Amino acid sequence: MKKNFLSLLFLFSLLFSPESALALKTVSFIPQWNPQAQFAGYYVAAEKGFYKKHGLDAKILVGGPDHDPVQYLKSGKAQFAPLFLTTALDSRDKGVPLINLAQVVKSSNLMLVAWKDRKIEKIGDLDKKRVSLWGDWLSTAYLGFFRKNAVKPVAVPQFFTVNLFLRKGVDACAAMHYNEFHQILQAGVDPEELTTFHLKNEQFDLPEDGIYCLESTYRKSPADCRAFALASLEGWTYVRQHPAEALDIVMERVKAANVPTNRAHMKWMLETILGTIDEKEPTLSRRTYAETVKLMKRQGLLNRTVPYETFCVEEARDVP
Amino acid sequence: MFRKMGIAWRMALLVLFGAGIIMGSIVGYSYFHARGMLEEEIQQKALYLAQATANRIETVENAVEKMASGLAMSLEYYPASSKIDFYRLLEHMVRENPEISGSAVAFASKKAGTLLPAPYVYRVDGSFARKDLGAGGYRYDIWDWYTLPKELKKPIWSEPYFDEGGGNMLMVTYSVPLFDSKGLFEGVVTCDVSLEWLTGFLRTLPIGKTGYATLTSRNGTYIAHPRREFIMRESVFSLAEERGNPALRRLGQRTQRGETGIVPFESLITGKPGWLAFAPIPSTGWSLGVIFPRAEAMAKVMSFTRDELLLGLVGFTLLLLVVLAIARSITQPLRQLDKAVRSLDMTVEVGGKSKPKQLLATGNLEIPEIRGEDEVARLSASFARMRRDLKEYIEKLQAATVARERIESDLRVAETIQRSLIPKDFPKREDFEIRGLLDPAREVGGDFYDFFLADPEHLCLAIGDVSGKGVPTALFMAVTRTFLKAFFREDKNPAASLSRLNDELEAENDSNMFVTLFCAVIDLKTGECRYANGGHNPPVLLRGGSSEFLPKVRGALVGCMKGIAFDEGRLMLKKGDRLFLYTDGVTEAMDKGDVPYGETGMLEALAGLENADCAELLKGVRASIKGFVKEAEQSDDITMLAFRFFP
Numbered sequence: 001m002k003k004n005f006l007s008l009l010f011l012f013s014l015l016f017s018p019e020s021a022l023a024l025k026t027v028s029f030i031p032q033w034n035p036q037a038q039f040a041g042y043y044v045a046a047e048k049g050f051y052k053k054h055g056l057d058a059k060i061l062v063g064g065p066d067h068d069p070v071q072y073l074k075s076g077k078a079q080f081a082p083l084f085l086t087t088a089l090d091s092r093d094k095g096v097p098l099i100n101l102a103q104v105v106k107s108s109n110l111m112l113v114a115w116k117d118r119k120i121e122k123i124g125d126l127d128k129k130r131v132s133l134w135g136d137w138l139s140t141a142y143l144g145f146f147r148k149n150a151v152k153p154v155a156v157p158q159f160f161t162v163n164l165f166l167r168k169g170v171d172a173c174a175a176m177h178y179n180e181f182h183q184i185l186q187a188g189v190d191p192e193e194l195t196t197f198h199l200k201n202e203q204f205d206l207p208e209d210g211i212y213c214l215e216s217t218y219r220k221s222p223a224d225c226r227a228f229a230l231a232s233l234e235g236w237t238y239v240r241q242h243p244a245e246a247l248d249i250v251m252e253r254v255k256a257a258n259v260p261t262n263r264a265h266m267k268w269m270l271e272t273i274l275g276t277i278d279e280k281e282p283t284l285s286r287r288t289y290a291e292t293v294k295l296m297k298r299q300g301l302l303n304r305t306v307p308y309e310t311f312c313v314e315e316a317r318d319v320p
Numbered sequence: 001m002f003r004k005m006g007i008a009w010r011m012a013l014l015v016l017f018g019a020g021i022i023m024g025s026i027v028g029y030s031y032f033h034a035r036g037m038l039e040e041e042i043q044q045k046a047l048y049l050a051q052a053t054a055n056r057i058e059t060v061e062n063a064v065e066k067m068a069s070g071l072a073m074s075l076e077y078y079p080a081s082s083k084i085d086f087y088r089l090l091e092h093m094v095r096e097n098p099e100i101s102g103s104a105v106a107f108a109s110k111k112a113g114t115l116l117p118a119p120y121v122y123r124v125d126g127s128f129a130r131k132d133l134g135a136g137g138y139r140y141d142i143w144d145w146y147t148l149p150k151e152l153k154k155p156i157w158s159e160p161y162f163d164e165g166g167g168n169m170l171m172v173t174y175s176v177p178l179f180d181s182k183g184l185f186e187g188v189v190t191c192d193v194s195l196e197w198l199t200g201f202l203r204t205l206p207i208g209k210t211g212y213a214t215l216t217s218r219n220g221t222y223i224a225h226p227r228r229e230f231i232m233r234e235s236v237f238s239l240a241e242e243r244g245n246p247a248l249r250r251l252g253q254r255t256q257r258g259e260t261g262i263v264p265f266e267s268l269i270t271g272k273p274g275w276l277a278f279a280p281i282p283s284t285g286w287s288l289g290v291i292f293p294r295a296e297a298m299a300k301v302m303s304f305t306r307d308e309l310l311l312g313l314v315g316f317t318l319l320l321l322v323v324l325a326i327a328r329s330i331t332q333p334l335r336q337l338d339k340a341v342r343s344l345d346m347t348v349e350v351g352g353k354s355k356p357k358q359l360l361a362t363g364n365l366e367i368p369e370i371r372g373e374d375e376v377a378r379l380s381a382s383f384a385r386m387r388r389d390l391k392e393y394i395e396k397l398q399a400a401t402v403a404r405e406r407i408e409s410d411l412r413v414a415e416t417i418q419r420s421l422i423p424k425d426f427p428k429r430e431d432f433e434i435r436g437l438l439d440p441a442r443e444v445g446g447d448f449y450d451f452f453l454a455d456p457e458h459l460c461l462a463i464g465d466v467s468g469k470g471v472p473t474a475l476f477m478a479v480t481r482t483f484l485k486a487f488f489r490e491d492k493n494p495a496a497s498l499s500r501l502n503d504e505l506e507a508e509n510d511s512n513m514f515v516t517l518f519c520a521v522i523d524l525k526t527g528e529c530r531y532a533n534g535g536h537n538p539p540v541l542l543r544g545g546s547s548e549f550l551p552k553v554r555g556a557l558v559g560c561m562k563g564i565a566f567d568e569g570r571l572m573l574k575k576g577d578r579l580f581l582y583t584d585g586v587t588e589a590m591d592k593g594d595v596p597y598g599e600t601g602m603l604e605a606l607a608g609l610e611n612a613d614c615a616e617l618l619k620g621v622r623a624s625i626k627g628f629v630k631e632a633e634q635s636d637d638i639t640m641l642a643f644r645f646f647p
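Protein sequence lines, in the order shown, are assigned to chains A and B. For the first sequence, our numbering begins at 1 and goes up steadily by one. For the second sequence, our numbering begins at 1 and goes up steadily by one.
Okay, chain A solo, but in the shape it has when bound (with noise of 0.2 angstroms):
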């Protein structure tokens, strides 16, 4: 009799929580690839119970090489990925109706790394240079790049290394500013001996991650796709205040997925991340949007386009 009683009254409360276990909606988010700090905001909103705060029970999935976050959303395993703008646009373009929440990285971390004993100091030199690049997409502002700068060089396949880099099989490579570069650095190459091109330097300063979720999604449920990018963005307001305890946060979910990396590597990360990141304004301009577009056209990586207006939700718009 007392045990029901007390059964009983468990049940009343979780259903008078506001914030009770039952009314949490389920949710995964798939990062674009292993667990690092270029995804601290969503651990440690995550950690913090920011998305719990907002209502969702948000997972946090491990991703990597093997898992395209595209096919996550597509499939159903995932409602929410981060992705390049570029990406986006494609995966739109072959028919994933993707929706922009929230432009988080809204500067680009895209550079060229070249050796300097390889007499390349200016953009010039990368003419008929061997440089190894990233595939499709992610392509798209280096070769925009290089046409502006009518240089001409051989383009090298790069995938998850910069091992062909390291051992001089080609003269420049494309890097992240705050990973492949600083993994250059770590493999006790000087920057001395180095010639960088930071493409947002050079024009080409595209929007990265963007927290995407399918069309479909937010049509079914806009209030909880705006409470996921509000409590990711809380998140990477705390990163910026607590860079220490994110690092921290970052360093479990690494240990836990046995990624190869070292704290070290993943500080530079945060750091440099968080300098291209504006939580306080996460819109995706209606100009750099335009740009990317015509941008990747003329590359002809993009056949169909949709408008400003139907490829972000209000929130990421900037002032129409």
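Some hints here could point you the wrong way.
As the list claims (entries may be wrong) - Partial list, derived from the structure: chain A residues whose beta carbon lies under 7 angstroms from chain B:
id, residue
1, N163
2, L164
3, G169
4, A187
5, P191
6, T288
None of these hints come from the bench; they were simulated from the model. The structure displayed is predicted, hence computed values, not measured ones. Even for Gly, the Cβ is constructed at its ideal location relative to N, Cα and C.
Starting from the known structure of chain A, arrange chain B on it as the hints suggest.
This is chain B only, laid out in the frame that chain A set:
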């Protein structure tokens, strides 16, 4: 502190101090020398060990390289279309070569975007498994083991990686590119090598308990490290970055350049100093590091030095005992002497003053006899001599003291007699006033004065000075006074009385003493004053403002010669006349320069006391004398008697 110590201890400590410095220098030198030699030896050993281990790893890798290259070479002679059972071929190779944990052949497809089958054979729990790497849409052509040899056009060792398929083992792959006759890339042959054996192998290296070996890849990443969490995560450069240690980064770059060397190095585990010897493994571009902790390497020297110090300490203790024994045997007589002399020092408190114990006096001071002729013996002899002298001196001193005490008691008796003889009560009368003063010297002289009424109308005055000092003088004075009194009672004639006195005193005077004496009889009714003088200073008559000596009358020293006659002087005293009687103590009072006060000084003093009564008169003269002699010691009694008629 040191100064308070005994000689024996001081000597012992000084010897130990000297010996300690010498021993410390020797131990220190041998420590540093041994350390230097050992350091050199350890560095050599570390370097050899690093090189030998690197060679050992290299040997395994070379064997793998040969196998893969051999397979690749033979495959290049077959057209790609040949029907070869690659699985059988690969399995055969893997089985025959225990170093190889897996092997694959991957051909490049001529059609873009497509992949040809890539047969792969690998060990699983002692047997062999087969797998097509290209099956299931898996893109093997994006991994380093495929792209690096393709792009570099030469065989490569991949960076080590964790093989997720095969039990999460640390693996490294050797890939050899295949080229056709035209030099076009055809594919790769790979051999996987598990690095699990390395960890075990490195642990067997003879590098002590806290020493360890590390293996770093071409990129500086740790392949082997006693801290497992470093493996594949940290590199020399990430640690250098995290610890803000640019030297570590430079060291990493040296290892990347394939250098061999030895450097001082702080252990990344314990943080303790040591050495790092490093040698390259040229085939893979790896570097082997051997860390020798300094403390452990130096433990032998340390324990040797500790033993040495311990022995030294025991030696020191023995030395201390020996030195103490010797020093004490040397200082033993000194201590005896000290003890003996110290007993001299013992004092007893008597009435707030400390007086030496009567040790010397009783002759109890025993100076120990010390044989030999060294300094201590001589000192002892000197002490004995000193003791003898002291004893003699003390004896003499005692005798002198007894004599002095006798004299002093004699003087005291004399003083008592003198004081008891002179009248101290001065009558208060209408017809005369009289006042006397006797101020004895330290050694009492023979001064006295006297006055009495022979009958109610006749006052006798006398003042005298007996020769000599002490009791005989006092007694002589007493006799003189007694006689004088008796004679005056019978006959009020001063000259006759003096004459009788002279005869009486002379008769019994064996010691040839004598007395100067002035006496007078005053008729209180008439004022007639008759006087006689036996060799005494003439008294002064003070009348009005004048003062003059009484006219002289014949008379000799009393008590010297029998039958002497004394003349009688007469004068009539008027009302208010004063007589001043005195002894030579007044006129012969000397100041420090031996200048006498004299009659002049006395008369001047008297002149200044015109209207003084008797008491004032005496006081005034006494003060005048004092003012004259100042601090000079009084050598004779000062005696004065003043008389005033009808004051």
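Hints, verified against the model:
1. Look at A:N163: its Cβ gets to within about 5 angstroms of chain B, closer than 7 angstroms, so that hint holds up.
2. For A:L164, the shortest C-beta to C-beta distance to chain B is roughly 5 angstroms, which falls under 7 angstroms, so the interface hint holds.
3. Annotation: A:G169 was flagged as interfacial toward chain B, and the flag holds, the nearest CB pair being 4 angstroms apart, inside 7 angstroms.
4. Satisfaction of the interface hint for A:A187 is found here, the shortest Cβ-Cβ separation to chain B being roughly 4 angstroms, below the 7 angstroms cut-off.
5. With a cut of 7 angstroms, the hint placing A:P191 at the interface with chain B is violated, because the nearest CB-to-CB distance is about 12 angstroms.
6. A hinted interface residue such as A:T288 counts as satisfied when its beta carbon comes closer than 7 angstroms to some beta carbon of chain B; here the least separation is about 30 angstroms, so the hint is violated.
Of the numbered hints given earlier, the model fails hints 5, 6; all others are met.
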